[in-house]
Structures are given as structure tokens and as C-alpha cells.
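Throw the hints in and build the complete structure from the sequences for me.
These protein sequence lines map, in sequence, to chains R and D. Heads up, the first sequence is in the working numbering, so the first residue is 1 and it goes up one at a time. Heads up, the second sequence is in the working numbering, so the first residue is 1 and it goes up one at a time.
Some hints could be false.
[Claimed, not checked] Residues on chain D that point at chain R, a partial pick, calculated with CB under 8 Å:
# : residue
1 : Glu45
2 : Cys50
3 : Ile86
4 : Arg93
[To be verified] Residues from chain D that face chain R, not an exhaustive set, calculated with beta carbons under 8 Å:
#  : residue
5  : His23
6  : Asn27
7  : Trp48
8  : Phe70
9  : Ala75
10 : Phe100
11 : Ile104
12 : Arg105
13 : Gly110
14 : Ala112
15 : Leu124
16 : Ser130
17 : Thr131
18 : Leu136
19 : Leu144
[To be verified] Simulated pairs of lysine to any residue, SDA-like, Cα-Cα distance not exceeding 25 Å:
#  : chain 1 : residue 1 : chain 2 : residue 2
20 : R       : Lys71     : D       : Ala134
21 : R       : Lys340    : D       : Phe100
22 : R       : Lys470    : R       : Glu539
23 : R       : Lys292    : R       : Met74
Source of the hints: derived by calculation from the structure; they are not laboratory data. On a predicted model such as this, the values are computed, not experimentally measured, just so you know. Where a beta carbon is used, it is the ideal one built from N, C-alpha and C, also for glycine.
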Amino acid sequence: MANFETVEVTTDLLIVGGGMAACGAAVEAAYWAKKNGLKVTLVDKAAVDRSGAVAMGLSAINQYVGLKDGKNTMKDYVDYVRNDLMGITREDLVFNIARHVDSSVHLFEKWGLPIWKDEKGDYVHEGRWQLMINGESYKVVVAEAAKNAIGNENIYERVFIVGPIMDGDRCVGAVGFSVREEKFYVFKAKAVLVAMGGAVHVFKPRSSGEGLGRAWYPPWNSGSSAYFTLKAGAEMTCQEVRFIPVRFKDAYGPVGAWFLLFKSRATNGFDENYMETRKPELEKWLPYGKVKPVPANLRNWLMMLDVQEGKGPIFMRTEEAIGKIASSAGDEKAAKKKLKELESEAWEDFLDMTISQAILWAATNTAPEEKASEIAAAEPYFIGSHSGASGAWVSGPKDVAPKEYFWGYDCMSTVNGLFCAGDASGASSHKFSSGSHAEGRIAAKAAINYVVDHPDAVKVDGATIEAMKKEILEPLNTYAQFSNKTVTADVNPDYILPKMFMFRLQKIMDEYAGGVSTGFTTSKKLLEKGLELLAFLKEDSLKLAAPDLHELMRCWENVHRMWQAEAHVRTLLFRDETRWPGYYFRADKPSLDNKNWDAFANCKYDPNAKKWEMIKRPIIRVYKEAGEHELLGG
Amino acid sequence: MPSYVLVDKCDGCKALDKTACQHICPNDLMVLDKAKMKAYNREPEMCWECYNCVKICPTQAVEVRGYADFVPLGATVTPMRSTDSILWTVKFRNGSLKRFKFPIRTTQEGKAEPNGGFATHDDLNGPTLSTEPAALGLDKVATL
Chain R
1 MANFETVEVT
11 TDLLIVGGGM
21 AACGAAVEAA
31 YWAKKNGLKV
41 TLVDKAAVDR
51 SGAVAMGLSA
61 INQYVGLKDG
71 KNTMKDYVDY
81 VRNDLMGITR
91 EDLVFNIARH
101 VDSSVHLFEK
111 WGLPIWKDEK
121 GDYVHEGRWQ
131 LMINGESYKV
141 VVAEAAKNAI
151 GNENIYERVF
161 IVGPIMDGDR
171 CVGAVGFSVR
181 EEKFYVFKAK
191 AVLVAMGGAV
201 HVFKPRSSGE
211 GLGRAWYPPW
221 NSGSSAYFTL
231 KAGAEMTCQE
241 VRFIPVRFKD
251 AYGPVGAWFL
261 LFKSRATNGF
271 DENYMETRKP
281 ELEKWLPYGK
291 VKPVPANLRN
301 WLMMLDVQEG
311 KGPIFMRTEE
321 AIGKIASSAG
331 DEKAAKKKLK
341 ELESEAWEDF
351 LDMTISQAIL
361 WAATNTAPEE
371 KASEIAAAEP
381 YFIGSHSGAS
391 GAWVSGPKDV
401 APKEYFWGYD
411 CMSTVNGLFC
421 AGDASGASSH
431 KFSSGSHAEG
441 RIAAKAAINY
451 VVDHPDAVKV
461 DGATIEAMKK
471 EILEPLNTYA
481 QFSNKTVTAD
491 VNPDYILPKM
501 FMFRLQKIMD
511 EYAGGVSTGF
521 TTSKKLLEKG
531 LELLAFLKED
541 SLKLAAPDLH
551 ELMRCWENVH
561 RMWQAEAHVR
571 TLLFRDETRW
581 PGYYFRADKP
591 SLDNKNWDAF
601 ANCKYDPNAK
611 KWEMIKRPII
621 RVYKEAGEHE
631 LLGG
Chain D
1 MPSYVLVDKC
11 DGCKALDKTA
21 CQHICPNDLM
31 VLDKAKMKAY
41 NREPEMCWEC
51 YNCVKICPTQ
61 AVEVRGYADF
71 VPLGATVTPM
81 RSTDSILWTV
91 KFRNGSLKRF
101 KFPIRTTQEG
111 KAEPNGGFAT
121 HDDLNGPTLS
131 TEPAALGLDK
141 VATL
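See the structure below:
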């Protein structure tokens, strides 16, 4: 019987996670905590220096509004995000992040992140909202500021948080375990800020052998934010929105620099540009089909139509793009110099953030200036950033949000004391690394404000904690009890190991909820069958077994994924239309239904009644004058 | 395989309570075999090839071999990371070699000042974050 020592940590604000949003939260929280005599604690399942989605580095900052330069307005940004999400966006949240994101970027630069500058000393833009960086150490630099702000003594690394501690309708802490030693952790806090990222490996990835781990988003983002907030009883939003990035095929190298900076085209196997040949298809998805830039899912969709007709492979025309830029540089000598520069920039783009793609180029003798490379749609991911939107339904800012979207504190979920940022908060897409950091700062300031308003010590029920401890450690007991029954421990009738559990989840999602193998297509009937199979999986989650602490973490990561999956399937069923072709296609409802579904599809799990509730919420814009022309940012 | 460890080079980060690769791996993959005093990747199929174990290894004992299920053999990508820059050596399957050097930070390691040197204020209630509006480069935070 596993019986770990219980370690109790009492704090004022608990930040759960260690990525960009959590680091932003740490910096801002530390400042206000010091002024108010409060304590801030951060807990991360990995090492903060290299945890989260930016662990490897990044080659661009994808959200910079540049308000100080006066080239863009707040409305420009809000229009861009709303249109990219086919209208389903909390403008108040997007506005809030956008007005603070530039200061995060300016802080990164002060902390030591090299941002590309032109000859005038201005930032080099990859696109309208994107900046080029030398970002190998982006996370290291951001983590350093966070650590310096709250102090190493307040940071717990390698502690995996499983779920929330509740006191009625208030979140008062979190429980988990060390993945290094036999210790069970109980964090008691007056406010909890969740920033544990999105979810990868809910769907079967394209590579399922050794390359299983080469997901676009990191495999360690396992749905812990979604699980935490669902189990706290928080209302969730956009759980039907999955993001499917188009990336360089197989290794998932970034395409942003190629499309935006190098102005590359993508063409099919017959040298046709699907963005031109498939233009008439966009008419079916109005008003968003005529938006500029074309929403990411519609760009995907046009490419997928080509692929379905056997017109692949799809190529990023790197050779053409580089040739064009180099030849416009002037004489032969200038062109040669430019070519060298572009070559280095192209390789850095991968080496900074997707080293696998550099290996793949080298292994296939690919010189981008000579040979085009394949691109493809990856698999579905759950993130509150990028062109994803899934996350908790949180309060907007007092001075911007309509009253329906405001309940006291920025970024607070519908559960008291539970704040969300980054991939944990929903309907505020396109925050990327910088916007996630900014949102962490916003949420942290609000959370400290909450703690100041709610100074009394929190109540934590000892019996509940003991029950949670037993439940969390159970997979170790299951393994200890049954593993000797069979000659090899991996196949055993009394339990399921976490990897096979994950594969089972992925197969269900892939085949019933519109994964890669069905061309991202599903229907009511398929989803209902999928839910039935998920119910068996949920029952079997009680038979997960773990031989050690690492596998115990894997067990709970996969339980987290399973809850993200269920929220997704239920919301796919609820939204009775196809809103985002290119992300998923409801074959039985193959078009937009703006009359009924220009609305949020929210859901909520009641942990006491063990019941799901589906909720439709209206979209209330902050720029109220919007007619259709205005709506499109025209 | 993602990352693998060379027997002859790994010394298990002797005398330390955990190895450097074990400390840094974001996915908790690197682990020390205490009998052999060698580290290894226990779950190569969950490796993102983020190279953090490669970059941090004090004896250059960790390397990466591209995922066997889609990467042809024979190429290597090798970093050498210093405090302010990183040098990459890319060896192609056909033997050709490329080398790239990029800056990684502009300040001294460890010195990141949380407020970035920007002016701060005392208003906990308004929308202005601690280093704003100075860090925005504006007079005030945007409102509707």
C-alpha cells in the first residue's frame, strides 16, 4: 500500500504551471504580493527553465500589437482575431491581452531576449503582428525573471498537480505528488492561478512509432488545465475548437516565416495554388470566407480539398521564394550575399524551435534554396492560444467587458478564487507566447486583488484530502497487487498501463471524433458511438496501474486527456453545424448556421452530481457598431 | 530516437544528486541507471527532440538520432551552446556540412530584473500592470 509522506504548503497565491503564462504571473504577482505582505508559490511538473510549450525556444513572437508605433489600433487586432475564429471570440478578453502584450515583449527585450532590428533600430516584423527573434533561450530568459521575482524557495519543481482542492464553490488549493520522491503534496491557497497548458496526444498523431513524441505542440501538455478547471466545476468554453496547424510534413517545422517573411507560395503536386484555384469554395463560408487574411481553418480546408482529390503532395515553394528575394537584391554579388543570409535565417527558424525539422532536411539532403519541402495538416490539438480557443470561461476586465462577461476579477473562472491564463483560458485566441505571458500578468494582478479582498485563512477538509491521496496513489497499489500474476507485467488482465490507455483514447478520438484517419470528419452518430466507448474508458481509468512515480504521472496525464476528450465530444455534438471546416467537418451538418450558432457553446461538469450541462452563451462585441462590413474589419 | 546517451562519454554526472539531463528534461524522460552510472532516455517515443538534454550535458554524452519511423539515417545536428550564443553543426546524409551561429541572449546570465528597470506604481485596482504604462512606451493603458 503506497503511503507517502504528506507535505503541506500554505500560501496566498498558488500558480500552477511553469510556462509562459505562469512565468508572467510570477513576475506580476511577486510585485503586488510584496506590497501587500503576501506569499506566492509556483509549482511545475518540470524545470521552469525549460518547461511548457516554449521549452525548446521559438523563432518568432507572434503577438505584438506595436501600439507605441501607432501603426495598428486595438480594433485592428480584435477584428483580426474574431475573423480568424469565424466570429467566435470574446472581444473583451482579446482586447485585454492586446493592450498589455507589448509591455511583455518590451520586458523580454530588457531581460535579454535578442529581437531582430532593422538598420533604423526598429523591430523586424515577420508579419503584421509578428516579430523575428533569436529565440533559442527565450524560455530561459523569461523563467529567470520569474525566478528572480518570487525566489527559488517559493518554486516547487517536479511536482505533478493532479487536481483542485475545493471549499464549496471556492478553489482553495491543489494536490499532487513529487515525481522524484515518495511525497504527496497539498498546497493550500487563497487563490489559485491555473496555467498548465493545452492538450496534446488526445488524438492519434500522424507518427505513431518512435515519432509519436514529435507532436507539433509538446507531448507534455496533457490537458491538466482542462481537467483542473472542469473538476473544480468551472464553466468551459470553445471545447469544440481544436487547432490543426499546417506545418512542414512529419517534423512539424514552422511555416510562418515562409508564408509571411519570405512570401512563399504553397502549391499542389500539379503546380496549382489552392488559395487561387479553390477560391470559389470560400463563398460557402461567408461572411468569413471573404476576410483578409483568410481564416486559418479555411486555408487548411482549401488544402485538404486538394489532398482529398489526390492532388498532393503539397509543397512549400522555398526554392521559388528564396530565389525571388535573392534576385531582387541587385547585382550577382548582392544576390549571393542575400542568398547566404536567407539560408541562415531559414535554418535558424527551425533550429530555434523545431530542431527535428533541421534533422529531416539534413537527412533528406534538402537545401531550401534548391528544393521545395512538403507541408501537411497535422492532427488536432487543444490550446487556448494560436487559432485554438478551448479553455475556461473567464471574467473580462471591468472597464471593457459587457456586464454578462464580468464577475469581479479579470481572468477569474466561474469558480471563486480560480484564475486561468494562457492555454487554460478560452475564447481569447492568438495570444501565443507573448500574449500568454501578458495574460498571466493580468490574471496574477487580479488574483492578488482577490486575496486582498478575501484575507481569511482557507478551510480544507482533512478527510477529503485523505480520500484524494488514496485515489491519486491508487495506480501504484494496483500494480503492486497484480503485477506478479503474469510472467511479464505489461500484459495483465487486472489493469491497464497508461500508454495503452492513451492509445485507446487516441483510437476512439481518431475514428469517431474526426481525427486524421477520417479526414477530420465526424457526425452526430459517430460522436454518440464515441461517447459510448469513452464511458468504458472512463470506467477502466480506475484500473490504471503504475510501477513507479514516472508512470504514475503518465496515468494521471492520460486521465486529464480523457476529460479533455469528453468535453470536446460533448461540445462537438452540441454545436449543431460546421463552423470551422479545416479543423473539423460535421458531415451531417455541413455548413455554417449563423442564425442559431453565432454563439458560444459552453459546458460545465458538476463534480457533486457528476453531470454535464451544455450552455449556449451570446456573443457580445465590444465594438458595438459592427455591421457586416464593420464586422469584417473593412 | 530521439536522444540517446553515449556509453563512453556519460559519467552519470558523478557526485551529483541527479544528472543534468534528468534535471532539465521537460517530459521526465532522462533517468540515471544507478548500477551503470549512466543516464538514458526511458521513453524515446515520447521525446520531442527539444535538445535540452543535449545542450545541458557537461560531457557532450547526449546526442539525437532522428525518429526512425520517418527520418532517413545518416544526418546529425549538433549544438554547442555558450552563455551568449549557440553554434550549430548540421551534417547532411550526403556528407555535406553547414555551420550556423546565432545569438541567444543580450544580458549577463542570472541578471534579469523582474521590472526590467521600468517605473512601477501602487494602484492595485486599475487595469495598469505593475510596469505599465512605462513598459508599453505609452502614456496610459488603452481603453475603449
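Identify whether the interface hint at D/Leu136 stands, where standing means a beta carbon of chain R within less than 8 Å of its own.
-> Given a least distance of 5 Å, the restraint on D/Leu136 holds.
Is the hinted pair R/Lys470 and R/Glu539 satisfied, with a Cα-Cα distance of at most 25 Å?
-> Roughly 17 Å separates the two Cα atoms, so the pair holds.
D/Leu124 as an interface hint toward chain R, with CB separation required under 8 Å | holds, 6 Å
Minimum beta-carbon distance criterion (8 Å), D/Cys50 to chain R = With Cβ-Cβ at 4 Å, under 8 Å, it holds.
Evaluation of the interface hint that places D/Arg105 against chain R, nearest CB under 8 Å | holds, 4 Å
Double-check D/Glu45 for me: the hint is only fine if its C-beta lies closer than 8 Å to a C-beta in chain R.
-> Check passed: Cβ of D/Glu45 comes within 4 Å of chain R, closer than 8 Å.
Using 8 Å as the Cβ threshold, decide whether D/Asn27 counts as touching chain R.
-> holds, 5 Å
Hint status (Cβ of D/Ala75 to nearest Cβ of chain R, threshold 8 Å) = Holds: closest Cβ of chain R sits about 4 Å from D/Ala75, inside 8 Å.
Should the interface hint for D/Leu144 be scored as holding, given a Cβ-Cβ cut-off of 8 Å against chain R?
-> Holds. Min distance 6 Å.
Using 8 Å as the Cβ threshold, decide whether D/Ala112 counts as touching chain R.
-> holds, 4 Å
Given D/His23 as an interface hint, is the shortest Cβ-Cβ distance to chain R below 8 Å?
-> Given a least distance of 6 Å, the restraint on D/His23 holds.
Interface restraint verdict for D/Ile104 against chain R (beta-carbon cut-off 8 Å) | holds, 4 Å
Every hint, counting from the list given before, is met by this structure.
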